[in-house]
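Listed here are the chains, written in short residue letters.
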Amino acid sequence: MSNDKTPTLDRRGFLKASVATSMAATAPMFFMKDAFAKGEAFRNSPKADAKTITLGFNVPQTGAYADEGADELRAFKLAVKHLNGEGDGGMMNTFKPSALKGNGVLGKKVEFVTGDTQTKSDAARASAKRMIEKDGVLMISGGSSSGVAIAVQGLCQEMGTIFMAGLTHSNDTTGKDKRRYGFRHFFNAKMTGSALGPVLKEEMGTERKTYHLTSDYTWGWTQEESIKETTEGLGWKTVKTVKTPVGAGDFSQYITPILNSGADTLILNHYGKDMINSLTQSVQFGLRDKQVNGKNFEIIVPLYSRLMAQGAGKNLQGILGTTNWNWALTDDGSKAFVKSFGKEYGNPPSQAAHTCYVQTLLYANACEVAGTFYPPEVIKALEGFKFDGMGNGKTEYRAEDHQCFKDVLVVRGNDKPTSQFDLLKIVKEVPRSAVEYEAKVFGGDLGPYKV
Amino acid sequence: MSTTPNNILEIAGVNKTFGGLHALSDVNLKIEEGETHAIIGPNGAGKSTLLNCCIGRLIPDSGSVTFNGKNMIGMAPHDINHAGMVRIFQTPEIFPDLTLLHNVMIPALAKRDGTFKFNPFKSLASEKAILEEAHATLADFELDKFHDQLAGSISRGDKRRLELAMGIIQHPKLLLLDEPTAGMARHDTNRTIDLLKSERMSHMTKVIIEHDMHVVFSLADRISVLVRGNIITTGTPEEIKNDPKVKEAYLGESEDE
Amino acid sequence: MDAILIQLLNGLDKGGAYALIALGLTLTFGTLGVVNFAHGALFMLGAFCAVLFNKVLTISAKVKDESITFFDAYKETPYLELWWGDTGATIIDYSVPLSILFVIPIMLLVGVIMERGLIKHFYKREHADQILVTFGLAIVIQEIIRHFFGANPIPTPAPDVVAGSAAVGAFFGLNENLVYPWWRLIYLAFSLSIIGAVFAFLKYTTFGMVVRAGMADRETVELLGINVQKRFTIVFGIATVVAGLAGAMYAPILPPDYHMGMDFLVLSFVVVVVGGMGSLPGAVAAGFLLGLLQSFASMNEVKAIFPGIDQIIIYLVAVVILLVRPRGLMGREGVFED
Amino acid sequence: MKKILSSTPLIMLIFSVVVLSAPIWLAPLGANYPDLLQKFAIFGIFAVGYNILFGLTGYLSFGHATFLGIGSYTAVWSFKLLTMNILPAIILAMIVSGVFALVIGFLSLRRSGIYFSILTLAFAQMAYSLAYSVLTPITNGETGLQLTQQDPRYLDAIAGIPVKDGLPSTNLFGTLIKSMDGYFGFYVAAVVLIVAFYISLKIFRSPFGMKLRAIKSNQTRMKYTGFNTRPYLLTAFVISGMYAGLAGGLLASIDPLAGAERMQWTASGEVVLMTILGGVGTLIGPLLGATIIKYFENIFSALNSNELHKIFDFLPEGMENFMVTVVGPFVGEGWHLTLGLVFMIVVIFLPGGIMQGISHLFGFIKRIFGMGDKPAPVDDTVNNDSVSKGGAS
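Chains as they are written, first to last, in this note's numbering: chain Y, 1 to 451; chain A, 1001 to 1257; chain L, 2001 to 2338; chain Z, 3001 to 3393.
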């Protein structure tokens, strides 16, 4: 199959070369909006005789999520190493069905460029554009917030460059803002809700009164909605949902009303610094020592991140939440990845690192399967792709919304950590069937293959 | 002097207190058109307060300030300026970050453009008439050779003359001068006196606050004496010289002059 | 009623923190005439002094985790506890309050170096230049801290005895649901005493009198001529120490991260300006006023009427106060108006 | 000689040539790709406009990003509701942000000095907070306002422009310029920048501009000289607000997305820093400042050890590794550190910003070659227009 494609690649390569050499000149073809000009040449298509291809890793390097971004970058570098046949291969050895050969992608060595999203949509788009326009990348990956993911995904659709999202949990990314060129391996708020449901029922019964503190922006709202749907499905009552400003720092004024509200469960729809602060402060207000309605007061943090959880320290112990992946998983894929990552960097990977590593491999594999870098073909190879051995059990990239469906982990803050990394204890691996939903519930439109 | 006085400025019953201090009490003063009127008095007599009440910097507690038949009290400083009353400050109030030329162009433009005019596309260089007048005025004050220097960089004496130029270029109906020669060397003082007596300025109505009696008697047509917020007398230089009240006020109150 | 009471307490608590953070800033404004955009960074440095102190105390032996061979774990018990037993454990437990002893000299040193090395050359410069240089400095300090401590917040707990809540309601014979965290009450008391100490220092010492004279009329201070330079250095040092103390004691409430100073910068400026430039009582009054208003604006009952009011209340109040009172609550004419 | 070099047409000619040829002479710096060139031009417009307020009147606004954000939102709404043509979008962006500037300026200009700064900051923070959360129906909150295929675009519908698969692209009268993508976007922004710069130059050299500078120098004197200073200040505020709106509209025209973070105080602070860094009150300075900050943000942040090795390739291996180790902490994730250091160094050694450094440099060259009083090229007005330093407060 890949042999058939070679002549086309040649022609594309020629077009690309002429475009490249006319940089800064006023060659009219440079002004073409279409990523795919005549023939099947496409933006940044590599020359047939090119030895390398370039991928773009766009992560937060400054700002609140810089540590998460740094961990993502480590995973990307590791993935590139493995793709190029260096190192121990990590999950390349457990991933199946795999078309990866360990000689780069389609025989071309993988190189990469990096950029700083600053966790701001504008900066992230500027960085992504630089990668596409200047560095000639074929794929962009990374990111640590849904706003950024949606913004970059939209850009990538316009530019005809594939975007493999990093950490983004909002329903919108593969819901109303889904794009043909965007793919998300990470789970979402809807799946968090579905996964938490049974565990909550088991541990806390069916008669609870919840109080939500929600970050006042899109991700917070979608999570609040999804969790409410789940808990009300269990028969729980929602006493109050309160929006809190992003980056409030001190949440005390939002915590004090909880004491008298009659609620016995607090759900913190916060992420990152907001989560750390609101959780730390809630515990200081003695919420967890309280007895309400004859029950122990409970706090739930639906979306956990181990890196961020470090900031909450002991306050985290015993608190339930969900996560996409955890390094303590014992399947072969996870073990291979943790070993490979740990040997390289001396610490276990975070869930953000995991998702970024997997996304890179999945893109490379799709190119191999398609036998070309031509985006529409690669997209088709990714859509509906079923795989295993990547740490989350059997997984499928659903074609309708480009959302990965896989098992979700329900975790609890570890009260007896054996090391500084041992913060979360896995309570349950909720099977994929329990978190699946119909693609059409969120609407949205993927858009065309060719742009 | 004149028996048919055309009073350009009438100050009637003006009172001003700061806290408990009566800075001005029931001040009445008439300035006749064309005259040079000096206000003298010991330190703290309220001379500067009186000027401030005229130009809108202070609002008197009671009384009226009538300029050219119009009540000035409550009017904004820029409107008072356009009515034709211009004040020269004791410590030079110039535009230190602008060149001397621009310093005199600004008041000339104020005279022409009024309190507000939006003309962003007109080039400064094309303001031929204004430029010409500015240069001429600077030349009158022997400042033209510095015209492209920043006003903040020239000597204090030059700054005071610059401010005088800024006042003159507006052709005011009444010029209020607050100690125009204070702190000047004798040589500079004489130059200033000559300027004020020059053809360009001699017919302008002026109110001068001054400590230096040499200046006062060289310039003034009439003199008012302000003591502790009261005008104790008004008269020609000769009358004032011989007024026992003035002697008493000055000799009793003040050690230096 | 209970809701109002607890928000009142919350407002006072917030207000104390705001006032304390703004105190040093207004001191620098008033005496030195310097717009210090690095003030937030100094607050952050104070918090990281507490973090560092805690980290040093809890150094423990590395052990190889046998199950996973690639990374080092640390023993549960730090050296200090191994050597000194319960005494060691108690010291670690009290690391945040104890860190004050360590914050004061360090921040004083930082303040003096900063004033001598940088700020003093900017007394006569334009505010714009002061802003640029101190903002640049703030970024540099932040990045250095990030280099050593990472970007994530670091948990810095309060001593165990005061980690929970005080039964305020029961104490006053009210609703027993009325509880308030001990540490926040301590912080309120702490900020009040620091504010009191700074006021007393300015009021009852000759040094303070000179400084106050300087705040009233900067030129007079310069005319005094006697070691004005040295006094400026000390005032800046005091401002730095106050910022550092505010930060260190805040660490249990807000796990410190390298960016926390920037997050407080805008707020502290608003507090200072609403209070009136260069007015210490003004800054304190504005701190409490804004704290209380923010607390009450966050009540669900209020938000139901004005959605989003809690997000803008501080700025809204700032606008209203500045439009009604030209120089804030207690500002004087001519300070920072050109 | 001096007269010729400072003549407006010549300055504009040189300026236009320099700007339009940027894709060529920026190539060695790795900054000649469309997106960054667009950012240079757009933030240049923003800074040039901001300088009309701050540079001329000395009023330090800490909330100008609000107008940029409003411009962007307006433009995107114009694309959603009216047409994909950028001309109405940009004009509407300027009008709407001008109206907001009028209201905010009217209130804020009742105070001066730092009280004015804090008022503008407070308005900006309110605008940002509301746009991020409560006003999400208008602003689409954190995600930012985006186009969708289903948007009505009434004018385009009337004109019978067919709806294609996928999102339509912004254009200039459909046929004139089909898409704002790539270098097209840059050249559109560059032409607007040239016009914006020309207007700024005219303002600087007009009686109006001189009066604004006089207000900065001594506002009290202006009042007693017969000027009502408030309308002058408000006009300058509104003009600079409209420049910001223009920049925001252009941003949205090239990349139809508008996010609330564009209005955050850090964004307002950025334009202040650009202006001071380049040189407050100079014509070219703010443009330089904008270019430098955007260069750092986009190029320095993207350097990693791989690229550093390429850059220092010419050195012997030991030296190469050494240089990479030394430079490493200042690039990539350390680009903030470098930016902070640049701020400090510039302000410590060049109180008048980079423009002062440049005029020093020309003075130095003149002295070395013993040349006469030949003025610095391009921006002779800098010397006359630059603010004098010292004696603040």
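It should be emphasised that the hints constitute simulated quantities derived from the structure, not laboratory data.
Possibly wrong hints are sitting among the right ones.
To be verified - Listed next, the in silico DSSO-like pairs over lysine-lysine satisfying Cα-Cα at most 27 Å (straight line):
1. Y:LYS51 with Z:LYS3310
2. Y:LYS237 with Y:LYS201
3. Y:LYS339 with Y:LYS81
4. Y:LYS425 with Y:LYS81
5. A:LYS1145 with A:LYS1117
6. Y:LYS425 with Y:LYS394
7. Y:LYS425 with L:LYS2230
8. Y:LYS416 with L:LYS2055
9. L:LYS2303 with Y:LYS209
10. Y:LYS176 with Z:LYS3310
11. Y:LYS295 with Y:LYS335
12. Y:LYS47 with Z:LYS3080
13. L:LYS2303 with Y:LYS314
14. Y:LYS81 with Z:LYS3080
15. Y:LYS339 with Y:LYS290
These are the hints, each one checked on the structure:
no., hint, result
1, Y:LYS51 with Z:LYS3310, "holds, 17 Å"
2, Y:LYS237 with Y:LYS201, "holds, 13 Å"
3, Y:LYS339 with Y:LYS81, "holds, 15 Å"
4, Y:LYS425 with Y:LYS81, "violated, 30 Å"
5, A:LYS1145 with A:LYS1117, "violated, 30 Å"
6, Y:LYS425 with Y:LYS394, "holds, 22 Å"
7, Y:LYS425 with L:LYS2230, "violated, 57 Å"
8, Y:LYS416 with L:LYS2055, "holds, 20 Å"
9, L:LYS2303 with Y:LYS209, "holds, 21 Å"
10, Y:LYS176 with Z:LYS3310, "violated, 42 Å"
11, Y:LYS295 with Y:LYS335, "violated, 39 Å"
12, Y:LYS47 with Z:LYS3080, "violated, 39 Å"
13, L:LYS2303 with Y:LYS314, "violated, 33 Å"
14, Y:LYS81 with Z:LYS3080, "violated, 44 Å"
15, Y:LYS339 with Y:LYS290, "violated, 42 Å"
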